[in-house]
Structures are given as structure tokens and as C-alpha cells.
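Chemist: Turn these sequences into a full structure, and let the hints guide you.
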Amino acid sequence: MHLLNTLASIFIIVGLFFMVVGAIGLLRLPDLYTRVHATGKCDTMGEGMMLFGFILYEGVSLLTMKMLLLVLFIFITSPTAVHAIMNAAHTCGTEPWEKGDERR
Amino acid sequence: MIDLFYASVIVLILTIFLCLYRVVIGPGVENRLIAVNTIGTTTIIILVLIGLIYGRPIFLDIAIVYAMINFIATLAVARYLKEGCIC
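From first to last, the protein sequence lines stand for chains A and B.
Count the first sequence with my numbering and you get residues -16 to 87, in order.
Count the second sequence with my numbering and you get residues 81 to 167, in order.
Please keep in mind that the hints were generated in silico from the structure rather than gathered at the bench.
Hints are supplied without guarantee of correctness; some may be wrong.
[As the list claims (entries may be wrong)] Quick list of in silico lysine to any residue cross-link-like pairs, SDA-like style, CA-CA up to 20 Å: (1) A:K24 <-> B:L98; (2) A:K24 <-> A:P79; (3) A:K49 <-> B:I138; (4) A:K49 <-> B:M148.
Quantities reported herein were computed from a predicted structural model and do not represent experimental measurements.
Modeler: Here you go:
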């Protein structure tokens, strides 16, 4: 039990780190496409890791099955939503940022 | 373990405020849309944490429904930006 709690804590802290890095990337990066890159990956990874930590903390129950369902749903839908946003922006004609340009 | 949950909620709320800056400032609709999507995914984690801290499993169902609404709203706005109508 003690080992499981330690493992759950490690997963939760790593997931929290990913979420914070995604938010900082959303603030700091210069372009729409780079921001999409940061938030899309970091959110999916951080959210999945935090929910996996909660699963390890709870043990096997109905709650855990719902959390597993949430993890699966998010692993499918979050990259899809990000891809839809980026496709829309590309169709509207947003130019990618190049080195030496002004930050947007 | 409960202390870690409380600390996680505080850090996630600070993360939401960081994303809110991009919602207010960000140039164009797409940047704001990305930031709103990020805020939605962070809110799902906060809902699950509230359910774990107060021992109420009903918040997990609310989190699942919130994830679905977040996904569909993002897709609808992206399609509206791309084609000019949702139909």
C-alpha cells in the first residue's frame, strides 16, 4: 500500500509538471503553431498522468473504471480538437513564424 | 496524500490564471480558442480532485460530461472558423 501511494504521488507530481510547462509554453512561445504544439502535447500527457496517479491511489472500484474511461476519452479527443483548431487556422491563412520575425 | 491534492488544486488554479492572460491578450480568435481549450482540460482535473477530496463520486460524472462538452464546443468553433457556418 505504501509503495502504491508513493508511485501515485510520483505520477501526480510529474503530471502537474507537464501541465505547468504547457501553460508556460502557451505564454512564452512566439506563434500560433508553436503554442498549439506546447499545449496539445503537455495537456494530454499531464492529464493522463494525473488521472493514472488517481487510479493508483484509489484501487479497483467503480470510480476507477470511470477515471479509466475519462483517460481513454481524453487521449482520443484532445489531439483531435487541437488538430481541428490548427487546420482551421491553416485554412484561414495564418503564416508560420520564422526566425527574425516579430513575436505575435 | 490529501495535502498533495490540495497543493495540486492550488497549482492548477495558478495555471488557469496563466492561461487567462492569453485569453485576454492573445491576437486573433485561434489563440483564444487554444487557451480556452487548455482551461477546460485543467478544469476536468480540478473537478476530479474535488470529488476525491470531499469523497463525492458524483463529481466524476460531472467531469466526464464536461470533457464531452469541451470537445464538442472546440470542434464547433473550429469548424465555424474554417467554413463560415456550422452546418
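Chemist: Now look at each hint and say whether the structure bears it out.
Modeler: Going down the list of hints, with the structure as the test:
no.	hint	in the structure
1	A:K24 <-> B:L98	holds (17 Å)
2	A:K24 <-> A:P79	holds (19 Å)
3	A:K49 <-> B:I138	holds (11 Å)
4	A:K49 <-> B:M148	holds (14 Å)
Of the numbered hints listed earlier, not one is contradicted by the structure.
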